[in-house]
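Engineer: Residues per chain are reported as follows:
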Amino acid sequence: MRNLQEKLKGEIIELLNLEDLQPEDIGNDEPLFGSGVGLDSIDALELIVLLEREYGVKIENPEEGREVFNSINTIAAFIEKNRK
Amino acid sequence: MSHRVFVSGYGIVSALGFGAEANLNALKQQVTGIAPPQFLKTKHCTLPVGEVKASNESLAEMAGVSDKKPVSRTVLLGLIAAREAVEKAGLDEGQLRTSGLISGTTVGGMDISEHAYQSLQKGERVDYTKSFSGHDCGHSTQAIATGLRLSGALSTISTACSSSANTIMQAARLIKAGQVERVIAGGTDALSLFTLNGFNSLKILDAELCKPFDEHRQGLNLGEGAAYLVLESEAALNARGGVAYAEVTGYGNANDAYHQTASSPEGKGAFLAIKKAFEIAGKTDLTIDYVNAHGTGTANNDLSESNALKMIFNDQVPALSSTKSYTGHTLGAAGAVEAVFSVLAILGQHVYGNYNLSLPMSDGLEPERNFRSIKIDHVLSNSFGFGGNCSSLIFSKV
Amino acid sequence: MKGYISGTAAITPQHTFDTGRYLEEWVDHQTSYLSATEPAYREIIDPKLLRRMSRIIKMSVASAYKAMQMAKVEIPGAVIVGTGLGCVQDTEKFLKEIIDNEEGILSPTAFIQSTHNTIAGQIALMLQCPNHNFTFSNRGHSFENALEDALLQLQEGVEHVLVGGADEITPIVHELMGSIRCVSINQEDQLSVLGEGAAFFILTKDQNEQSFAAIEDTVAFNNPLVDDVRGKVVQFLDRNELASADIDLVLMGHNGVADGFFDAMGDLMKENAIAQFKNISGESFTASAYGHHLAAVMLQKQQVFQNTLVSGKFGGSLDRILLYNHYKGVNHTLTLLSKCPS
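Protein chains in written order, with the UniProt record's numbering: chain A, 1 to 84; chain B, 1 to 398; chain C, 1 to 342.
Simulated from the structure, these hints should not be mistaken for lab results.
Because the structure is a prediction, the values reported are computed rather than measured.
One thing to keep in mind: the hints can contain errors.
[Claimed, not checked] DSS-like, lysine-lysine: derived pairs with alpha carbons at most 30 Å apart:
1. C/K2 <-> C/K48
2. C/K328 <-> B/K68
3. C/K93 <-> B/K43
4. B/K203 <-> A/K81
5. C/K339 <-> C/K72
6. A/K81 <-> A/K58
7. C/K205 <-> B/K275
8. C/K93 <-> B/K203
9. C/K339 <-> B/K69
10. A/K58 <-> C/K270
Please construct the entire structure, taking both the sequences and the accompanying hints into account.
Structural biologist: Laid out in structure tokens, this is it:
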């Protein structure tokens, strides 16, 4: 699980071009949207693509994505739960 | 000095058919043009689209194009619609020669270049001259002007889904300012893998028939088409004894400045655009009888637009419908397609139904369900797009 | 309608963004096309916003910001952009997504950013500017359409307008443009060299403390014969009540390649000093935006920069510049610019 979180951080930084951030700058429970890392709805769509391509985990409804993408921990938990 | 701006001709091609008459008949019969794609070769073969029901070969024949090189559907659709408009206006060769053209499109010749690009990526030999020279937006305008033998000023506007609403606004502004006397204005866009997959990646396409302003709306259906209006100053129209079918009395463009693709929930940009259109119309007692809404069918647009309309009309929103439920969202052509529907509504004194509506949104707006006759003096037509672009036009009875 | 230039900035293949060292150092491009010499954007644009921007957007936003700063304008009365090919880098990126993933699950950012009006939309979003927002994409008249709209806005009563032109190159665009004989792919080709960049202006309705040049008049026309050029120029000068001797410098969009139109213009204006700008900007659908910018800077600084003078002698002062450009012999432009205050 720990490894998954670190891997996710690296992937998110690269995918969303967050040049100013290092993986250690993102807390596992830090909110990714809004005040925290500051992601927005376009990033949410990118994260849906990431989860499906890299982990084979599907999110059909962007609304559902909102909860899943709350933090690195919630994403990791969602992947663990749904990965085949 | 301010000149009045008249609509003296119109032409249209959409999923509903070729020409104003065919389109009007379909709207009267309440038959939608949206269906799974027949001509666009896509993996998304079940996604409903408002496709023009003809192959490129038959479109080329209709458009009178005999080029050896592949010609974009965007050009072909545009030529067919623009030719109908100038014929309806009864412009002779000399009048055509001095007419300008302002055309709107979002992806221009993408339907051709996306296939060539694919071959290029795979390392296959591509005949570049044939495939990429018509990619840019300006190419379609030039090709339509050449086809109609126009020698006036040319302009191409690409403001996403409001492109052709903006061409009509631009033409009206130029005529009002006395800079030109006659302009053909409208837009054209063909379906492409690029736009279909693009909207699909945004997760705003409805997998079923779209249902604008419905509580359970799921998104939009893409469409394709073209429509053009001939716009003339009063002096130019009278000088040649042309017929005024309607008058462009108001127009407004504003930016929502909220998000790159989404509209602000309160409809700030839409509200400003409509307000500007009223200011240009300059009449305090102007009563809008029908609103041809942007109404794409996405959760976001329809909510934002409803809120803007409620604010403008103090909750007394006039008869309203989205004809995108019949044509799909024709992107760069949408503003002009709906401008033609607005002119036809004035001429026929009717409003269109909002197809496929079962449960209206819970916010109180009651879109028209059926085609019906009502008295119409003024129509408001809205077009909003990516990049926060919001445009509104007002057409009035002459 | 006249418009006063109260601010302008441009990013081109040469050093044009740093106004203090304008064209002082010459960049020798060893490539077959001229790529832009770009500033450090992080000092100009919020890094949080930079992460999604392709080069055309960065070049445009940086130039627009700088023009606005010069003019002391915070929220322009209109934002108008001309671009011939739009955001091609993102267009290619999304096309590649479609092909590589066979229309499967696709990353949407490139699609969002590919729309032609992303530049004007992004500027509106960053400035929270709700005003008129137009994008023209009309081949060699993309910037001219925008300029005409800007002047119309001023005529309609708007105080100031942000207007600009921008195009970007990618290696694939270069290859394709080369193969359709729009630009040269190697140095032996007798064709123009492809370039890229952005040039933005603040035009104001009235002259103010920041105004340093004015657009007196502009005309765009299509498909003339070489023999028509003389008549067009004479007509244009006539309607501005000027003779060719009143023009201090003719700035032309030629590039060393044999060209009947520019020859005709050179012949007509042979008594005048003639300068060029495409050795700086390279050829593109919106190269003339830079031509307008260079004319404005020359009027402001009363200087004819190195590598621009082609023939004739610079008389020491510049009151009026006549700009003439065409794109592939199809889209022609004439603009008269003057010093301000005159």
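Engineer: Between C/K339 and C/K72, is the straight-line Cα distance small enough, at 30 Å or below?
Structural biologist: holds, 19 Å
Engineer: For the pair supplied as a hint, C/K328 and B/K68, confirm whether the alpha-carbon distance does not exceed 30 Å.
Structural biologist: Holds, at about 22 Å.
Engineer: Taking 30 Å as the top limit, are the C-alpha atoms of B/K203 and A/K81 close enough?
Structural biologist: Judged against 30 Å, a Cα distance of about 24 Å means the pair holds.
Engineer: If you draw a straight line from the CA of C/K2 to the CA of C/K48, is it 30 Å or shorter?
Structural biologist: Violated: C/K2 and C/K48 sit about 38 Å apart, past 30 Å.
Engineer: Holds or violated: C/K339 and B/K69, Cα atoms, limit 30 Å.
Structural biologist: violated, 48 Å
Engineer: Between A/K58 and C/K270, is the straight-line Cα distance small enough, at 30 Å or below?
Structural biologist: violated, 70 Å
Engineer: Taken at face value, is the distance from the CA of B/K43 to the CA of C/K93 at most 30 Å?
Structural biologist: OK: C/K93 and B/K43 at ~19 Å, within 30 Å.
Engineer: Compare the distance between the alpha carbons of A/K81 and A/K58 with 30 Å, and conclude whether the hinted pair is satisfied.
Structural biologist: holds, 12 Å
Engineer: Taking 30 Å as the top limit, are the C-alpha atoms of C/K93 and B/K203 close enough?
Structural biologist: holds, 19 Å
Engineer: Verify the proposed pairing of C/K205 with B/K275, using a straight-line Cα cut of 30 Å.
Structural biologist: OK: C/K205 and B/K275 at ~24 Å, within 30 Å.
The structure is inconsistent with the numbered hints 1, 9, 10, although it conforms to all the rest.
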